[in-house]
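Starting from the structure of chain A, add chain B where the hints point.
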Amino acid sequence: MMDRIAALGRTGLDVIASLGRACQFLAGVVGGVPKPSVGFPLLVKQLYAVGVLSLAIVVVSGLFIGMVLGLQGYTILSDFGSEAAIGQMIALTLVRELAPVVAALLFAGRAGSALTAEIGLMKATEQLSSMEMMGVDPLRRVIAPRLWAGFISLPILAMIFAVVGVWGGMLVGVEWLGVYEGSYWGNMQASVDFVDDVLNGLIKSVVFGFVCAWIAVYQGYDCVPTSAGISSATTKTVVYSSLAVLGLDFVLTAVMFGNF
Amino acid sequence: MAQRTTEIIVGLFIIAGLAALLFLALQVSGLSPKAAGATYKLHANFNDIGGLAPRGRISMAGVTVGTIESITLDRETFQARVTMSIHKDVDNIPADSAAVIRTSGILGEQYIDISIGGDLESLKEGDTFYSTQSAMNLERMISNFASGR
Numbered sequence: 001m002m003d004r005i006a007a008l009g010r011t012g013l014d015v016i017a018s019l020g021r022a023c024q025f026l027a028g029v030v031g032g033v034p035k036p037s038v039g040f041p042l043l044v045k046q047l048y049a050v051g052v053l054s055l056a057i058v059v060v061s062g063l064f065i066g067m068v069l070g071l072q073g074y075t076i077l078s079d080f081g082s083e084a085a086i087g088q089m090i091a092l093t094l095v096r097e098l099a100p101v102v103a104a105l106l107f108a109g110r111a112g113s114a115l116t117a118e119i120g121l122m123k124a125t126e127q128l129s130s131m132e133m134m135g136v137d138p139l140r141r142v143i144a145p146r147l148w149a150g151f152i153s154l155p156i157l158a159m160i161f162a163v164v165g166v167w168g169g170m171l172v173g174v175e176w177l178g179v180y181e182g183s184y185w186g187n188m189q190a191s192v193d194f195v196d197d198v199l200n201g202l203i204k205s206v207v208f209g210f211v212c213a214w215i216a217v218y219q220g221y222d223c224v225p226t227s228a229g230i231s232s233a234t235t236k237t238v239v240y241s242s243l244a245v246l247g248l249d250f251v252l253t254a255v256m257f258g259n260f
Numbered sequence: 001m002a003q004r005t006t007e008i009i010v011g012l013f014i015i016a017g018l019a020a021l022l023f024l025a026l027q028v029s030g031l032s033p034k035a036a037g038a039t040y041k042l043h044a045n046f047n048d049i050g051g052l053a054p055r056g057r058i059s060m061a062g063v064t065v066g067t068i069e070s071i072t073l074d075r076e077t078f079q080a081r082v083t084m085s086i087h088k089d090v091d092n093i094p095a096d097s098a099a100v101i102r103t104s105g106i107l108g109e110q111y112i113d114i115s116i117g118g119d120l121e122s123l124k125e126g127d128t129f130y131s132t133q134s135a136m137n138l139e140r141m142i143s144n145f146a147s148g149r
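Just so you know, the sequences run in chain order A and B. Going by UniProt numbering, 36 is the number at position 36 of the first sequence; the sequence numbering is gapless. Going by UniProt numbering, 4 is the number at position 4 of the second sequence; the sequence numbering is gapless.
In isolation and in its complexed conformation, chain B is listed as follows:
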């Protein structure tokens, strides 16, 4: 085979490999080329985060509006402090909204659902949710029920 044909085919092979890597990056791992400045940070303190993990989803009315950035333990209140990055275009979350931990499906991953309040003020970069609702813990619910509380 002519050298040039071989070179073209090998070039196509390498392009196919790079395209495959790009597909794995963008479509399979959901890496978005969006700039880092396109989000803003909010905080929320929970008594119990259950199985919540970083990179988890934040949703409003079922629509994903951001991801969980980090989860740390507040050493003074012994609560979990969750930092979330919310898309910049959702900048009108009412200040009295609540962050609720929910589970998708019966075995699905846990995510934070923002239930909307009615305040005219909205949350800004670095604000903390005033009211939160922790993860539902089945064992604790049963033991509460059994001990009659």
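Only chain A is shown next, with the shape it has when bound in the complex:
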């Protein structure tokens, strides 16, 4: 019995210690931005690896999610004879919820896991320690560009996701099912507000980008430097990022759209 309580206590302490290390790590990374002349090429390289290479999966899933929303929305709305409202439905769901959340989940799976594995392997092969030996701070040289790249890429990816989704919905709704193009855009423009909907969606994706990138680089930096340790760190990145995104999404939605 006492053993159980002790085990629970140990788990709790571990969680708190890990959170503390993560925050300390973040402070070190954010405080240690490299000089622009050195940092900018590193950042560009990471933006390419993290952002541009995630573009394909984001565009394809955005297209299909928009098309599915078009089909499902048409089936339900045509029961009420108001299939013209399909544009409004597609745009609001995409801009407010699906674009930030789904882009973040895909990002965690595609880019976050790669970041963790890369940094974890650098740690396992002692590249990070040899950098320290040479007097190069690995936080500045390796971690900071990756964190910033994730933070910058995700909002861009989410915006592209929303646009492709709206276009995919138009493909199904207007071209295929015969909703008038004028009512598709007109209903959408009448109901979507730039500040309330688009900017709040953008803020969501900025928060998610920060959280996903932070979890990914921290898990890589903190992993046990063995092959099993790297694989468990990669799994943790995807699981923790997804849970954090979904949980934060509820909180942010309640703050932004719940009237209290």
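The set of hints was computed from the structure by calculation and includes no laboratory data. Keep in mind that the hints are not guaranteed to be accurate.
[Stated by the list, open to error] Some chain A residues close to chain B (C-beta under 7 Å, calculated; not the full set):
id: 1; residue: Asp3
id: 2; residue: Ile5
id: 3; residue: Leu8
id: 4; residue: Val44
id: 5; residue: Tyr48
id: 6; residue: Gly51
id: 7; residue: Val52
id: 8; residue: Met159
id: 9; residue: Ile160
id: 10; residue: Val163
id: 11; residue: Phe194
[Claimed, not checked] Calculated cross-link-like contacts (lysine to aspartate or glutamate; reagent style EDC-like; alpha-carbon spacing at most 20 Å):
id: 12; chain 1: A; residue 1: Lys35; chain 2: B; residue 2: Glu7
id: 13; chain 1: B; residue 1: Lys41; chain 2: B; residue 2: Asp96
id: 14; chain 1: A; residue 1: Lys45; chain 2: A; residue 2: Glu118
id: 15; chain 1: A; residue 1: Lys45; chain 2: B; residue 2: Glu7
id: 16; chain 1: B; residue 1: Lys41; chain 2: B; residue 2: Asp89
id: 17; chain 1: B; residue 1: Lys41; chain 2: B; residue 2: Glu69
Every residue, glycine too, gets a C-beta built ideally from N, C-alpha and C.
Below, chain B without anything else, positioned relative to chain A:
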């Protein structure tokens, strides 16, 4: 890959993101870069505005000519006071026109339709519509019919 190629591709990626944001602003949310001075304000008092909401549409003969700016309650008459901004180029609305609340479709949003009068004078900035027609309330119509009024 050469550093320069990477830089160009990342630059294109960032431009694509900004273009997407611009598209969401202009095409999806209908934010128009039109100057604020391009409209003028009119008022109308209604007994019941039903589901009318700010940013709703004002139309004449089905053409959108403005949007609803704000809706407040007049504390003396207990009527709803709707402020609308009308496009500047529609400056010849006859002074005896009526503002009517209508619904588009059966489940659609409510909007204000301006039915044209025949006066030679036209409404100016800050004027109030003389005659209005409130939102149709199905429950009230049925209860009026049932009580024989």
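Now the hints, each set against the structure:
Using the Cβ-Cβ criterion of 7 Å, the hint placing A/Asp3 at the interface with chain B is not satisfied: the shortest such distance is roughly 53 Å. Checking A/Ile5 against chain B by beta carbon gives a least distance of about 51 Å; that is not within 7 Å, so the hint is violated. Because the closest C-beta pair between A/Leu8 and chain B is about 46 Å apart, greater than 7 Å, the hint is violated. A cut of 7 Å between beta carbons decides the hint on A/Val44: the least distance to chain B is about 5 Å, and the hint holds.
Given hint, A/Tyr48 at the interface with chain B, holds; its Cβ is 5 Å from that chain's nearest Cβ, closer than 7 Å. At about 6 Å, the closest approach between the beta carbon of A/Gly51 and any beta carbon in chain B falls short of 7 Å, and the interface hint on this residue holds. Evaluation of the A/Val52 hint against chain B yields a held restraint, the C-beta minimum of about 5 Å falling below 7 Å. For A/Met159, the shortest C-beta to C-beta distance to chain B is roughly 4 Å, which falls under 7 Å, so the interface hint holds.
Restraint check, A/Ile160 versus chain B: the minimum CB separation of about 5 Å is within 7 Å; hint holds. With a least beta-carbon distance of about 4 Å to chain B, the hint placing A/Val163 at the interface is held under the 7 Å criterion. Among the interface hints, the one on A/Phe194 holds; its C-beta lies about 4 Å from the nearest C-beta in chain B, closer than the 7 Å criterion. A distance of roughly 18 Å separates the Cα atoms of A/Lys35 and B/Glu7; the hinted pair therefore holds under the 20 Å criterion.
For a cut-off of 20 Å, the pair hint linking B/Lys41 to B/Asp96 stands: about 16 Å separates their Cα positions. Between the alpha carbons of A/Lys45 and A/Glu118 the distance comes to roughly 14 Å, so the proposed pair stays at or under 20 Å and holds. This hinted pair checks out: A/Lys45 and B/Glu7 have alpha carbons roughly 8 Å apart, not beyond 20 Å. Of the supplied pair hints, the one linking B/Lys41 and B/Asp89 holds, its CA atoms being roughly 13 Å apart against a limit of 20 Å.
Among the hinted pairs, B/Lys41 with B/Glu69 is consistent with the structure: their alpha-carbon atoms are about 8 Å apart, no more than 20 Å.
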